[in-house]
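These protein sequence lines are chains A and S, in that order.
With UniProt numbering applied, the first sequence corresponds to residues 1 to 1085, in that order.
With UniProt numbering applied, the second sequence corresponds to residues 1 to 141, in that order.
Hints are computed from structural coordinates only; laboratory data are not their basis.
Check before you lean on any hint, since a few could be wrong.
[As the list claims (entries may be wrong)] Result set (DSSO-like, lysine-lysine): computed pairs, CA atoms no more than 30 Å apart in a straight line:
no.	chain 1	residue 1	chain 2	residue 2
1	S	K56	A	K165
2	S	K56	A	K579
3	S	K25	A	K543
4	A	K440	S	K25
5	A	K378	A	K368
6	A	K535	S	K23
7	S	K117	A	K372
8	S	K25	A	K550
9	A	K378	S	K17
10	A	K551	S	K117
11	S	K68	S	K25
12	A	K340	A	K357
13	S	K112	A	K543
14	S	K68	A	K526
15	A	K582	S	K68
16	S	K83	A	K543
17	S	K60	A	K526
18	A	K535	S	K112
19	S	K25	S	K14
20	S	K60	A	K987
21	A	K582	S	K60
22	A	K300	A	K275
23	S	K16	A	K543
24	A	K157	S	K123
25	A	K588	S	K14
26	A	K526	S	K83
27	S	K117	A	K550
28	S	K23	A	K817
29	A	K535	S	K60
30	S	K112	A	K550
31	S	K60	A	K579
32	S	K56	A	K270
33	A	K535	S	K25
34	A	K543	S	K14
35	A	K274	S	K112
36	S	K16	A	K550
37	A	K526	S	K14
38	S	K56	A	K526
39	S	K14	A	K551
40	A	K526	S	K25
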Amino acid sequence: MSGYYRRTHPSSGQYKHPQEQPKYSRPGQYRYPNDQTYQQYPNQYNQRRHYNHNESSRRRYSDDRPHSSNITNTRHSYYGNNDNQSGTYVNNKSDVNNVRGLPQSRYSNTSANTASTSPNTPLLTNSALLLQQRPPSVLKYNTDVLTSKFHYFDPIKGEFSNKDKMVSWRATDKEFAETGYYVVKELQNGQFKFKVKHRHPEIKASDPRNENATITNGKVASHRKCRKSLVLLPRISYDKYSLGPPPPCEIVVYPTQDSTTTNIQDVSIKNYFKKYGEISHFEAFNDPSSALPLNVYLIKYTSPDGKLNDAAKSAFNAVRKHESSGCFIMGFSFNIVLNKNTILNNIIAKFVETNVKNLQKLQEDLKKAKEKEMEKEKVKETQSKEINLPKEPKVDTLSHTSGYEKKIPYDLLGVVNNRPVLHVSKIFVTKHGFRVEDFKYKLRGYRCARFIDHPTGIYIIFNDIAHAQTCSSAESGKLTIMSRSRRMPILIKFHLILPRFQNRTRFNGPGASTTSEHVPVEYESKEEFIDATAKQILNDLEKALHVDIKKRLIGPTVFDTLDHANFPEVLAKRELREKERKQEIASKIAENELKRKGEAKRDFDLFGLYGGYAKSQKRSLDRHSSLTMDRTSLKRKKLSKGIKPMAHLLNEETDSKEATPYNDGGTPFSNDRFSKEDENMTSSNSSSSEEEEEEGTDKKFKSESEPTTPESDHLHAIKSLLTDENGSLDILDTPLMYKPTATEIPEPVYPPEEYDLKYSQTLSPLDLQNAIKDEKDMLILKELLKSYTVTSSSSESGALLEYKTWKSRSQKVEEEKASDWQIKLNGTLFDSELQPLSSFKAEGFRKIADKLKVNYLPHRRKIHQPLNTVNIHNEKNEYTPELSQREESSTKEPSDSVPQEVSSSRDNRASNRRFQQNIEAQKAAIGTESELLSLNQLNKRKKPVMFARSAIHNWGLYALDSIAAKEMIIEYVGERIRQPVAEMREKRYLKNGIGSSYLFRVDENTVIDATKKGGIARFINHCCDPNCTAKIIKVGGRRRIVIYALRDIGANEELTYDYKFEREQNDEERLPCLCGAPNCKGFLN
Amino acid sequence: MAYGVEDGKKLSDKYKKEGHFDKLKRDILSNTWNGTEEGNESFEQMLRDRVASVVKEMVKEDEGLIFKNRGLTSALIESQLVKDNYSKLNNKNDDDDNDARKFELDAYIHSKLQDPKLLEMIKKQLSEAAGSQQEESNGRT
């Protein structure tokens, strides 16, 4: 704008380029009175410029730069005015300047200059004295060189320095118009050229925009929008470089209309405005007089990450967002403004004031209402005395105000039971989506008996009319509930439905019948009164009579007549019937019994049909007891009866018959001892016929080997046999042992001995001794040995021979014992190397290889050859080597069964789970995290294991029961320590000589140390071919080590897992592996 | 002097308290049936007999009644007898008894109450009571 005007002004060019266009520089250009163009400037603009000059001059006063020469007289006068003004100002403040008598014009002299400026500011006034003492001003540029070159204004003289040389341009240059000229850049033939144009001051300048506007009204439309109001300055973001006060970052939220009933929560407001930025301060204001919320909130935003502008921006946004549309939170409309200066206080003050006014109004209203009521009541009191219900008139008015009489729906009558009811219509309720709960909540302060949601609306039942009335008067038309459809508080009107009077009589009992009559009863005279009373009494009497008849006469009479004694014939009948029935029942029972008996009898017959095979147990038992000799009959499963018509018996008989002659004929046998013995063996094998028992030492052996055989019976039988030599044997008298058996293949009487099975083996004298079991054997032997004569070649005399035979015998016995033990221990015999060649004492010390040690150290046995290394104390396995094989087998079976009752793992786990849940529920009930109830879940799934000496190393863990593959066995329990602690401990243990490491790493930071405190899982040894594996599982957020079975594990098998130690580079530190597995790596690490 | 409802109530209460009411009741119940011409049975006795007979009949019809819960059964029977102005009691007699012995319980009570003598008596007693009441109230005030 200014550029535009400057161009038209000739001085501007001169001012800009004084050297280039010296000819244009005329003194006349400064004469403003002549310069009409200058006057065309808008007045305001002119003043402003003056003002600006004034400002600058004030600042740079002392230095008289050429610039200040522009100031002309007109300006001077302006300054004069200005000075006057300031002078008055100074007068008010201090009289310093006036006392000194300072001249009006500051240009008159230098001293005045300084002095006159000083009043502008009080500070300068103070320094005026100092300034006065300054030296007189000297014109710096008043040199000859400069003055010849430039035109200066001499402030001391008050004129231009080269004034005499200045000439009006109009006088010299005739080519220009007197009015002046201006240069315009014009497009001519595609080139810009400067053109000098004459000025036409007589033509009034006009605003080109206005010209345009006129055109717009006609035809040409401007693309620019016509602005009717000032355009706001763009908001410049506030940062650390910004000057001045920070932009407001607080907003004030206040309700549009002052509704006191808005019970909006502060939180919702806060949450609503949270979306614009981070709130640093939230304040809700209460009415100081009533402490009720004003619903005026101050929200201050903050800039979270150091961006200063953010706070202001969010506040600004929050305001701008709601500028046009308004703010609706939870159905309430709010105004939002930036908190500047005292806006907040003003708003609060306004609300408080309105509240106070409202309160006053309310109080007045209340007073009026009370007065009215009082009046009304007075009127009523004077009108009627006999009205029982004081509330009645009031109710009437209320019902009138409600406009119409509402009736309780028929189906609700019973529920309402003639109680007062407040009703809200269904249409209204459904429209706003109200629920019974809303009313329940809102009317919680009243004594409402019940809330009923009915198709016709919501009914609120009161027990007392007074309560209903107070509620309705206090809340009807005042209570607001947030509408769910409109999100707006809605006023609710209740219709009070009072109990109907005629109904009341029904419910209030007979006493109220007279009182409830609408016409007030009044008696004129005493007679009438007494008459009425008598009637009343008669009425009562009738009622009382009826009641009496009913309760006192009929009731007891009926009760009495119903006595059993009154109806002897009925009773008798009944008794008779009872008897009959009883008899019937008895007969029926008897019949049934008879039937059953008959059936039983038939059963007997049936049994009879099948003969001796389907005998009742009783009978068999009887028979059993009667035959004492049948003790072993059960074993053989053979019932020896008096008559046995079985074919195989005949067979046996022939056998025995054959055997006897064979034996008899066998006398001329060879002298060879072994062959004879063999013969004897075969005979003893094949013959099951009667053999006589040998007496003497042999008998002892026999009794030992056959302890079950009843000796006395046996002997008795033998005696009887001996007496009856002829062969006409009574079969019943033969000892059981020798009795014929009913088996397909004939069985020997004595079970085959060891030497019977191994023919090649040489017989020891002991065997020979054992072989002769009874007298028959002895007889045979004697027969055989008849021909044998002692040869002279045998040097041994009788005593030596006897010793030798004893020695060999005892040795044999010892060996047998040893081997028995060995077999029992290892399952196999000891290695031959271990057999003592001679006495141990004679042999002296010798090293026994580790391999051989396995033979006699049970815990050194290989793990893949499971054997019972575990001794369970309650297991009964005391075997004696003397016991016969048969007995051992019979006793072994019960001992093999599991020592304690172990239920199935599935059941176990199910019950454990239940237990766990139970515990957890209790834990939850207690609420606190107590260690008392913390349950080790893994402990419950543990398998029965126990530790014992191990073949691998020191101790080992053994399964007590067979474990299926992939089942959990045991948890590796120990102290849970951190890595550095573990390292420290490891060193300490090594130092203390605790070689075996029980440290188990869980992860990088955790190690479980079972060295000092830990479960028996630590005894599990390493094996290169393990049957278990250690897994780290998470239980309740903690990592735990659990050992799982890799494969099926038998009972008493040692449990092993791969330690998975890191490979040790230093050979000296490598730990040798002792697992003995076929694929052993040789080292643990 | 005007008398309100309250006064009437008070008076009747007083009347009852003095025992007149109970006496009246007893009189009516113990009165002989149909005056004196028909035996010496009082109304009360009559009623009892009647009820007993009715109940017996009922039992005859259904023997099970005796063997059920006695209290419950008696209550049920009682309500049945009382129903419809003692219709059961009244009608039972029609079958085997003559008209003279017709048992009209309701009617009997009605007639007794309609007796002008009774009314007179009550009035008299009432006025006495009222007088005494008045005195009492006066004395109090």
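Going through the hints against the structure:
1. K56(S) <-> K165(A): Violated, at about 164 Å.
2. K56(S) <-> K579(A): It holds: about 25 Å lies between the C-alpha atoms, which stays within 30 Å.
3. K25(S) <-> K543(A): This hinted pair holds, its Cα atoms lying about 10 Å apart.
4. K440(A) <-> K25(S): violated (53 Å)
5. K378(A) <-> K368(A): holds (15 Å)
6. K535(A) <-> K23(S): holds (17 Å)
7. K117(S) <-> K372(A): Roughly 56 Å between the alpha carbons, so the hint for K117(S) and K372(A) is violated.
8. K25(S) <-> K550(A): holds (14 Å)
9. K378(A) <-> K17(S): violated (38 Å)
10. K551(A) <-> K117(S): Answer holds: K551(A) to K117(S) is near 27 Å, not above 30 Å.
11. K68(S) <-> K25(S): violated (34 Å)
12. K340(A) <-> K357(A): holds (27 Å)
13. K112(S) <-> K543(A): Distance of about 13 Å is within 30 Å: holds.
14. K68(S) <-> K526(A): Violated: K68(S) and K526(A) sit about 57 Å apart, past 30 Å.
15. K582(A) <-> K68(S): Holds, at roughly 21 Å.
16. K83(S) <-> K543(A): Measuring from Cα to Cα gives roughly 15 Å; hence the hint holds.
17. K60(S) <-> K526(A): This hinted pair is violated, its Cα atoms lying about 57 Å apart.
18. K535(A) <-> K112(S): holds (14 Å)
19. K25(S) <-> K14(S): Holds, because 16 Å separates the two Cα atoms, which is no more than 30 Å.
20. K60(S) <-> K987(A): Answer violated: K60(S) to K987(A) is near 108 Å, above 30 Å.
21. K582(A) <-> K60(S): holds (24 Å)
22. K300(A) <-> K275(A): holds (13 Å)
23. K16(S) <-> K543(A): holds (14 Å)
24. K157(A) <-> K123(S): At roughly 142 Å apart (the allowed maximum being 30 Å), K123(S) and K157(A) break the hint.
25. K588(A) <-> K14(S): Between K588(A) and K14(S) the Cα gap is close to 73 Å, so the pair fails against 30 Å, i.e. violated.
26. K526(A) <-> K83(S): Measuring from Cα to Cα gives roughly 39 Å; hence the hint is violated.
27. K117(S) <-> K550(A): holds (26 Å)
28. K23(S) <-> K817(A): Distance ~120 Å between K23(S) and K817(A) Cα, so the pair is violated.
29. K535(A) <-> K60(S): Since the Cα atoms of K535(A) and K60(S) sit roughly 44 Å apart, the hinted pair is violated (cutoff 30 Å).
30. K112(S) <-> K550(A): holds (18 Å)
31. K60(S) <-> K579(A): holds (21 Å)
32. K56(S) <-> K270(A): Roughly 86 Å between the alpha carbons, so the hint for K56(S) and K270(A) is violated.
33. K535(A) <-> K25(S): With Cα atoms ~15 Å apart, K535(A) and K25(S) stay inside 30 Å; holds.
34. K543(A) <-> K14(S): Cα-Cα ~18 Å, so holds.
35. K274(A) <-> K112(S): It is violated: about 90 Å lies between the C-alpha atoms, which goes past 30 Å.
36. K16(S) <-> K550(A): holds (21 Å)
37. K526(A) <-> K14(S): With a Cα-Cα distance of about 16 Å, the restraint between K526(A) and K14(S) holds, given a limit of 30 Å.
38. K56(S) <-> K526(A): At roughly 52 Å apart (the allowed maximum being 30 Å), K526(A) and K56(S) break the hint.
39. K14(S) <-> K551(A): holds (25 Å)
40. K526(A) <-> K25(S): Roughly 25 Å between the alpha carbons, so the hint for K526(A) and K25(S) holds.
Figure legend: structure checked against the earlier numbered hints; hints not met, in rising order: 1, 4, 7, 9, 11, 14, 17, 20, 24, 25, 26, 28, 29, 32, 35, 38.
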